[in-house]
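Read top to bottom, the protein sequences are chains A and B. Residue 86 in the numbering used here sits at position 86 of the first sequence, with consecutive numbering throughout. Residue 643 in the numbering used here sits at position 643 of the second sequence, with consecutive numbering throughout.
FYI, nobody ran anything at the bench for these hints, they're computed from the structure. A portion of the hints provided could be inaccurate.
[Unchecked claim] Dumping the calculated EDC-like pairs for lysine to aspartate or glutamate here, alpha-carbon to alpha-carbon at most 16 Å:
hint: 1; chain 1: A; residue 1: 89; chain 2: B; residue 2: 130
hint: 2; chain 1: A; residue 1: 82; chain 2: B; residue 2: 132
hint: 3; chain 1: A; residue 1: 89; chain 2: B; residue 2: 128
[Said to hold, decoys possible] To be clear about the criterion: a stretch of chain B counts as covered by chain A if any three or more of its residues have a C-beta under 8 Å from a C-beta of chain A, and this derived list gives those stretches:
hint: 4; region: 43-56
hint: 5; region: 689-699
Heads up, the beta-carbon is just placed ideally off N, CA and C, and yes, glycines get one too.
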Amino acid sequence: MAIKIEKSFQVPEPADQVWKVISDPRSVGSCVPGARITEAVDEKTYKGVIKIKLGASVTDYKGEAHIERLDDQAQEIVMIGKGQDVRGKGGATMKLTAKVRALPEGGTEVATISELNVIGILAQMGSRMIQEVANQIFEEFTKNLRRQLAPKVSENAADQPPEETKPIDAGSLAVSASIRAIGRIFKGDSKE
Amino acid sequence: MIQKTSPEIGGFGHSVKRKEDLRFIQGKGNYLDDVRLPGMVYGHMVRSPYAHARVIAIRTEEAKKLPGVLAVITGEDLAKAGLAWMPTLFHDKQMVLATGKVLFQSQEVAFVVAEDQYTAADAAELVEVDYEELPVLVDPHKSTDADAPILREDREEKSNHIFHWEVGDRDATEQKMKSAPVTAKLKAFFPRCHPAPLETCGCVMDFNSSTGKLTAWMTSQAPHAHRTVFALVAGIPEQNIRVIAPDIGGGFGNKVPVYPGYVCAAVAALTIGRPVKWVETRSENLQSTGFARDYHMEAELASDKEGHMSALRVKVLADHGAFNATAQPTKFPAGLFSICTGSYDFSSAFCEVDGVYTNKAPGGVAYRCSFRVTEAAYLIERAMDVLAQELKMDPAELRRRNFIPPDKFPYLCPLGWNYDSGNYEGALNLALEKIGYTELRQEQAEKRKKGELMGIGISSFTEIVGAGPSHTFDILGIKMFDSAELRVHPTGKAIMRMGTKSQGQGHETTYAQIVAQELGIPASDVVIEEGDTDTAPYGLGTYASRSTPTSGAAAALASRKVRDKARKIAAHLLEVSEEDLEWEPGKFSVKGAPGKSKTIQEIAFAAYTNFPEGMEPGLEAVNYYDPPNLTFPFGTYVAVVDIDKGTGEVKVRKFVAIDDCGNIINPMIVEGQVHGGLTEGLAIAFMQEISYDESGNIQGGTFMDYLVPTAIETPHWETGHTCTPSPHHPFGAKGVGESPNVGSPAAFVNAVVDALSHLGVKHIDMPLSPWKIWQILKEKGVAE
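In isolation and in its complexed conformation, chain B is listed as follows (with noise of 0.2 Å):
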């Protein structure tokens, strides 16, 4: 059980009020485009309009001409150094300025700095760039064809298949398919979606001739693992690169790996002698950094009659767009996909995936979720409402009768996971009674009778968070480790520095409420800090809902050095041995005797002033924590949905989430977290898609095609809890900001399919835009 403190220490389960957002919402946050250094010029990018194509000729004379142009740099020029490729975060390379050709449209091609943005965006322009354009790779079920064009010509393998990757027993899967009763499969695409944050990709890079020492400002998610991939692809000394991710708005994936425009950006510091900024526009973040999803997924169940399952296969066919640079630990290339066995207890299960390059914008990023995790459990929790439309059975109860039970955890799933804990019907029954299931279930059947449209859509989904394990996770072989550094000053206010880096998670918060938790010093007196690499402790930063798990334990683990240390100070200053004490929250106490006590801020002082003969001065911890294994973080959402036939537009008229992370440091946090999630969520299942036309061309590359919802799309969102801590956390928690986004695209997509699953509909893949909707209408010969 978790001790609860006061209001004014701001422990565990107090709502304590974000200390960030004062500076964010009064306009004076400094996040990467407010960083003005003196002398600073600014970086353009030339981009191809072509999505395959030879690049004939540069021509960057009449750029170099107006008046302000400080250099244009290509890909020669790169190559000259050595540069003009790099390596992407998973065993592959980029380049970094188109030599010999471009593989994707808006790839970059060259870099213009001038004094002043409108300079060197104007003189990008004047960069002529001859192309001779070449057959175009769009569609992944054609890229092993014999006829495709090898679109990577300086890879050894001439072939567009990156990887094949499988996990399971394949006959024993294959054995329960064909001798199963009954078997539903679904053939469902989830579409390339982009996590467009509010602040754009962009970098300051500060050469020191003097120092040797490189300056980077970058809006990093992960600065540690930035700089060492600097050191290792510039070869600049590690020491002498700083990596400073100022305040960050929204990553999601987006800003883990490096982007072409932070090396070029860095070359040209070097050069010129003088900062570079560059910063993308928001089309230019669409179209080339790092997209989400991209899967073409086929999911088989097989069952008994009264759907009791007993195996999946599930077969995957990956568009990773140009180059391998999806943001995966580098055991995994299909990230954790294979959590796509769900809440269930499967006796077997086979997954196969396959890696395909095409001619679009590389990426592949975790994109709000545990690395390809929302794909693989919106996949299962399709697949569960395909089975039970095949059994005539409630998907409800379809669910119910295969979780796996409380009482078999931790539970070692057949493709390998060891699930920490879980209670799914709890929160099953939890989301059911809180939007009123049954009731629902009469009022859409009596709808029905009028001909109107009304769906109910549930996902029971199990996440997979917190990477991870050293002896399995790792990122360019630096294990996933993550780190805090602790020390109370002798007043007893203290500052705390992470290997992670909020993007608006509320860190200086939450990691402040756990050595509130810890030490009993209040959350307002711990400064929190994060982002600077010169004096963070080394980590590997913030996604895939892993600065809880790891960072979060990292400090719990700090603090609890520093309170040992405490004890044997508080022994001394009361004289007592250590073993007569007694912790509270903010105090020891000598058993017995409680007006004989020592403060935590007391203690700190004496750490300084009067400390024990023969101890090190001083109140200060470091952790770096290695889990010893993952959270599965879990929850059942529920939303009811009313469709109009006019116009084929779905309403999401009720929603309720009800998750589990564990134990919760900050109710009000962890709210926003599920609310922001869900509108994501949301927006990936009825708005969003970056899709490609024939030639290549990015359909949806500005925010006029790709939606993202304000206030008016989005519905009321109702949140709930179970607690099922996790047992092997430090402090029980299990991390929760990727939760909604992982489930909530399947229990809308289950709503609508529920809604027209009378008419014969099966499955509509996303985004479910009204046009699409209204097509199935009409061709039911239901629209109106």
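One chain only, chain A, in its complex shape (with noise of 0.2 Å):
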């Protein structure tokens, strides 16, 4: 089930300081809810693991991130990550291409364009009920992201011990999801 998700953001924080943490697989890895970088195999290969719940279970996604093009002059990168739960619940990957660009007012917009793509038993709630949860993992994200960006100011965030990762609770998501599919159907607003 391939899904395409074009979104935006801005932060306050100068355009450098914004790449620095999307250029950098590992922060970028920590502010995605429920996964984390376990190793690097070199510059461009990371090894992680995104842990989803669903229902009663949890699954483990295991699986690389690969930069495929990481452009400081452009500030452009795109990874590819690839994961797979042994235990059969299936995979996913997701290509996604983030720019960094510096607003004329000040502060930064970052664009990502992310495609995903779901195989298995969470591709099986269909395709609107993943956009939704898609949406909502983006969400959260960008609550990570600019978190990380906070601190950085005063701070090196990258010595701080990592917080323990919490897993992406899919059922609860897909249950919110549903609640404000249903929502955007009384506002009228019938587009995917």
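Two chains, each in its own frame: build the complex with the hints.
Spelled out as structure tokens, the structure:
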């Protein structure tokens, strides 16, 4: 099930500072809810895990993130992530393109395109549901990224011990996603 | 004419209450999951999340470490025993457990056995499998493209094309198409749907090492055929296999194929030495077992300007999934789809079907239809409305002009079937009269003026059931006869065992009524037994509306054999010659001396106590019935619908079903069958589809997405009958169980398209969900 999500958000920090975080898979990884980078294979390849909770079971999607393109000039990064649950729940691949742009009136805009392909038990929930879940994961991601950026002004966040990774609860996300989808229908917005 | 028996005897035409219902409604049925044997353990399947992937490694250590786990079986283990693959019912083979790669989401990969079902399920989650994803083929139209991945590397033929099958006169049809003043073309997709029986599939396998006997309790619609398949696949001598199909909670074709779970459970029972139970979950049933339909169809009709049709051309692309496990008679790769000429008198017709592999679950079972007949009836009945629209002609009138007339039966159709009997206009007229057709058309015209959407849909279908005559019909070489073995006890009570197997059809009642009709033994005194291969005579099972046409016929003929012997005994008891006796259900009387008679009960007692010298004692008979032809039930269904312009929801306001299934055994059971079939037809037309996304993920693999109608969605059904007996069946019956599912989808879709036809709508593919209809309303600018 392929889903393409284009999103952008703005932060008050300057572009160079934001780019430093965005171009480092470790810091980006720690912003993805439920995700953790476990090992750097080489400069461009990292191993990691995403925990997703569905009902009572927590699934570890183990995988690899690879930087396909890193352009310091244009401040653009393309990363491909692949994950698989060896215990039968399926897998997912994601191509993330992120571009950092300084705004004329100060601050920075981060524009992202995520192309997500989900396979297995999560994909059976249907594209409309997955889309909503992805939207919420993205919101969470933005929130985490802002948090990452904020303390960077005063101290080096990378030295702090990482928090224990909490799994994404796909079940509760799905419930709130469907509530939001219903809400949109009543508001008369029929767009996907 | 059928002689009417007394209500006490309860022969044909009596709505005898279903004997089996007492235990069913009291929760005292014995279904597969009720079978509990001492020492029994449980199996659980590990399934593939990928639609197409190479299996790199399977690690079972963690699962095996879990306390209570007894075994984890993989494809490699089965390969050592030569059981990694098994034959399908149709010239193909199927993986029991994946070896090398997986070909559809939810495919069987490993089988875990544990002391209880919860441990087995937990352990299944501990089995680790590494997959390497492969390109996925979902769209059957792309299956033969040059860049399509070849799915079946095991086959010599490196192609996703399975078969091409054609019937009829291509050139003559082509000619008529070219020269016809009017042609109409329909492109219609009959979506993949699933029988979704109330009870999922399962088995309990018990191997006794001291006797060498395997007892297999299975949810099987065809226990004998399954026994033979087991003997052939596993190499166990057939006398050492006993298949028992206990009470079955609905089959609808889903319980005809042999599934990997059965084989795994048998292997586990043999290896572990304890009985193994395996029962599917609902999702496993929907996602991996026999689906139905999935036909991409095109029909063209040639006609003159007055609507007299001359030719039909049909082309089908059939999506068979990863293995060709379609359940069809061996000589018919597209089943009896060539009944697509329906109720109409074409001078020429041509039909071709191509089957292809895709990364989807295997199957293609006859879901409440006699092998692809639902697809055929839907296509022709939908196409008739397309032509009517083209000609601006009333669809009832178009049908009337083209029906095969009653005096043309037996009628040999251009695609080769020999229709036994029919009176199509009779059923149409009765249906139109009952629904108030003329008034409805007036109402529709008035509503259109006001902008309201109302439609009337007609379907004058013809079925083809009762497979079948041995010269044409077999499954894996076994001819499609069926059987009955009747034994009358000394006190005049009886037991009859059958080669078929009820899944809710009411056999215990209707078969007993056949004996009641033929012998006059009250139906309540006759016990019917089915499903145990150690006791029942060999038969091909119950599906394709074949029970009454085949085993029902065998029951009548076995009863008549008993009656012939009873006549001899009666003559002996009454001291007259056989010719001096006359029969009425229940007794022989001396002609002209009505007081001098012997009841069947007295005769039965004499068969064991006072039989003529030289006569073999006892009173029993066996019949294996090889039908001379198929039977052709028919009918006309009319649906009236209203469409909500705000929500796109379709409301079925009225539905009249006129069926002609020949002579009826039990009117109440027939009515129940029609109600059930119509409800399933409604579900198919409006609610159900198993679709796949571009990665081969199943959309519709749970009851959250695959909808089953409840009493709330189901409209009131009005039923009625005409009666045109089958001339070749022993008591003129034709079979009815599947007609409502075969005939109704077209009636629903025709009604909805009719409601929207003035807006230029010519066809809508099922399921007609509110979302789909609302989008059309929006596009046409009439949504509110």
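- Violating hint indices (sorted, rising): Failing hints: none at all.
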